[in-house]
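Its first residue numbered 109, the sequence shown is counted upward by one per residue in my numbering.
Careful, some of the hints might be misleading.
[As the list claims (entries may be wrong)] Straight line, CA to CA, 25 Å or less: simulated SDA-like cross-link-like pairs of lysine to any residue: (1) Lys199 <-> Gln148; (2) Lys199 <-> Leu185; (3) Lys182 <-> Thr114; (4) Lys199 <-> Gln175; (5) Lys188 <-> Ser174.
Because the hints were derived from the structure by calculation, they are not lab data. Predicted, not measured: the structure shown is a model, and the values here were computed from it.
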Amino acid sequence: MKILITGTAGFIGSHLASRLLARNDEVVGLDSINDYYDQQVKYGRLTRAGIAQDQIEYNRLIQSDSQPNYRFIKLLLEDKESLDKLFQQEKFDAVCNLAAQASIQCSRLT
(Lines of atoms letter the chains of each structure in order from A and count residues from 1; the text may use other names and numbers.)
(Lines give C-alpha, C1' and ligand atoms only; values in the text may rest on other atoms or scores of the structure.)
Protein backbone atom coordinates (compact mmCIF):
# COMPACT_ATOMS: atom_id res chain seq x y z
CA MET A 1 0.00 0.00 0.00
CA LYS A 2 1.03 3.61 -0.54
CA ILE A 3 0.22 5.56 2.61
CA LEU A 4 0.43 9.26 3.41
CA ILE A 5 1.18 10.02 7.06
CA THR A 6 0.70 13.61 8.15
CA GLY A 7 2.57 14.65 11.27
CA THR A 8 5.33 12.18 10.49
CA ALA A 9 8.02 14.15 12.33
CA GLY A 10 6.01 13.79 15.53
CA PHE A 11 6.34 10.99 18.06
CA ILE A 12 3.38 8.90 16.94
CA GLY A 13 3.76 9.64 13.23
CA SER A 14 7.43 8.68 13.17
CA HIS A 15 6.74 5.39 14.95
CA LEU A 16 3.83 4.57 12.64
CA ALA A 17 6.03 5.25 9.62
CA SER A 18 8.65 2.84 10.98
CA ARG A 19 6.07 0.10 11.50
CA LEU A 20 4.56 0.52 8.03
CA LEU A 21 8.00 0.52 6.41
CA ALA A 22 8.86 -2.66 8.32
CA ARG A 23 5.95 -4.40 6.62
CA ASN A 24 7.11 -3.05 3.23
CA ASP A 25 4.45 -0.41 2.67
CA GLU A 26 5.36 2.68 0.67
CA VAL A 27 5.19 5.72 2.94
CA VAL A 28 5.12 9.43 2.18
CA GLY A 29 5.58 11.45 5.34
CA LEU A 30 4.32 15.00 5.55
CA ASP A 31 5.02 17.54 8.29
CA SER A 32 5.19 21.32 8.58
CA ILE A 33 8.01 21.07 11.15
CA ASN A 34 6.56 24.05 13.00
CA ASP A 35 8.39 25.57 15.94
CA TYR A 36 5.78 24.91 18.63
CA TYR A 37 8.30 22.63 20.29
CA ASP A 38 11.97 21.92 19.61
CA GLN A 39 12.41 21.48 15.87
CA GLN A 40 15.66 19.59 16.42
CA VAL A 41 13.65 16.76 17.99
CA LYS A 42 11.58 16.56 14.79
CA TYR A 43 14.65 16.77 12.56
CA GLY A 44 16.26 14.04 14.66
CA ARG A 45 13.35 11.69 13.99
CA LEU A 46 13.54 12.42 10.28
CA THR A 47 17.31 11.91 10.27
CA ARG A 48 16.88 8.47 11.86
CA ALA A 49 14.54 7.66 8.96
CA GLY A 50 17.16 8.71 6.41
CA ILE A 51 15.89 12.23 5.70
CA ALA A 52 18.76 14.72 6.10
CA GLN A 53 17.83 18.12 7.52
CA ASP A 54 19.87 19.98 4.90
CA GLN A 55 17.84 18.29 2.14
CA ILE A 56 14.47 19.51 3.43
CA GLU A 57 12.84 22.32 1.48
CA TYR A 58 9.22 23.41 1.45
CA ASN A 59 7.04 21.43 -1.00
CA ARG A 60 9.85 19.14 -2.17
CA LEU A 61 9.61 15.35 -1.94
CA ILE A 62 12.82 13.86 -0.55
CA GLN A 63 13.85 10.22 -0.86
CA SER A 64 15.16 8.61 2.33
CA ASP A 65 18.82 7.60 2.23
CA SER A 66 18.15 4.48 4.31
CA GLN A 67 14.54 3.48 3.58
CA PRO A 68 13.81 2.81 -0.11
CA ASN A 69 10.03 2.99 0.47
CA TYR A 70 10.08 6.27 2.41
CA ARG A 71 9.83 9.82 1.13
CA PHE A 72 9.18 13.04 3.02
CA ILE A 73 7.67 16.41 2.15
CA LYS A 74 7.58 19.56 4.25
CA LEU A 75 4.16 21.06 3.63
CA LEU A 76 1.41 22.96 5.40
CA LEU A 77 -1.99 21.28 5.35
CA GLU A 78 -3.45 24.73 4.66
CA ASP A 79 -1.57 24.81 1.33
CA LYS A 80 -4.50 23.33 -0.56
CA GLU A 81 -3.01 23.76 -4.03
CA SER A 82 0.21 21.90 -3.16
CA LEU A 83 -1.66 19.25 -1.19
CA ASP A 84 -4.05 18.63 -4.10
CA LYS A 85 -1.07 18.29 -6.44
CA LEU A 86 0.57 15.78 -4.08
CA PHE A 87 -2.62 13.68 -4.01
CA GLN A 88 -2.93 13.79 -7.80
CA GLN A 89 0.69 12.74 -8.30
CA GLU A 90 0.91 10.05 -5.63
CA LYS A 91 -2.51 8.36 -5.75
CA PHE A 92 -2.43 7.22 -2.11
CA ASP A 93 -4.25 4.07 -1.01
CA ALA A 94 -4.68 5.42 2.51
CA VAL A 95 -4.09 8.53 4.61
CA CYS A 96 -3.32 8.59 8.31
CA ASN A 97 -3.81 12.15 9.55
CA LEU A 98 -1.73 12.61 12.69
CA ALA A 99 -0.91 16.28 12.10
CA ALA A 100 -1.78 18.39 15.12
CA GLN A 101 -0.44 21.00 17.46
CA ALA A 102 1.22 19.61 20.57
CA SER A 103 -1.15 21.67 22.71
CA ILE A 104 -4.85 20.92 23.03
CA GLN A 105 -5.65 24.63 23.03
CA CYS A 106 -3.67 25.23 19.81
CA SER A 107 -5.18 22.19 18.11
CA ARG A 108 -8.69 23.41 18.83
CA LEU A 109 -7.91 26.78 17.27
CA THR A 110 -6.52 25.39 13.99
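Verification of the supplied hints:
no. : hint              : result
1   : Lys199 <-> Gln148 : 31 Å, violated
2   : Lys199 <-> Leu185 : 17 Å, holds
3   : Lys182 <-> Thr114 : 10 Å, holds
4   : Lys199 <-> Gln175 : 20 Å, holds
5   : Lys188 <-> Ser174 : 30 Å, violated
Hints 1 and 5 from the earlier list are contradicted by this structure; the remaining hints agree with it.
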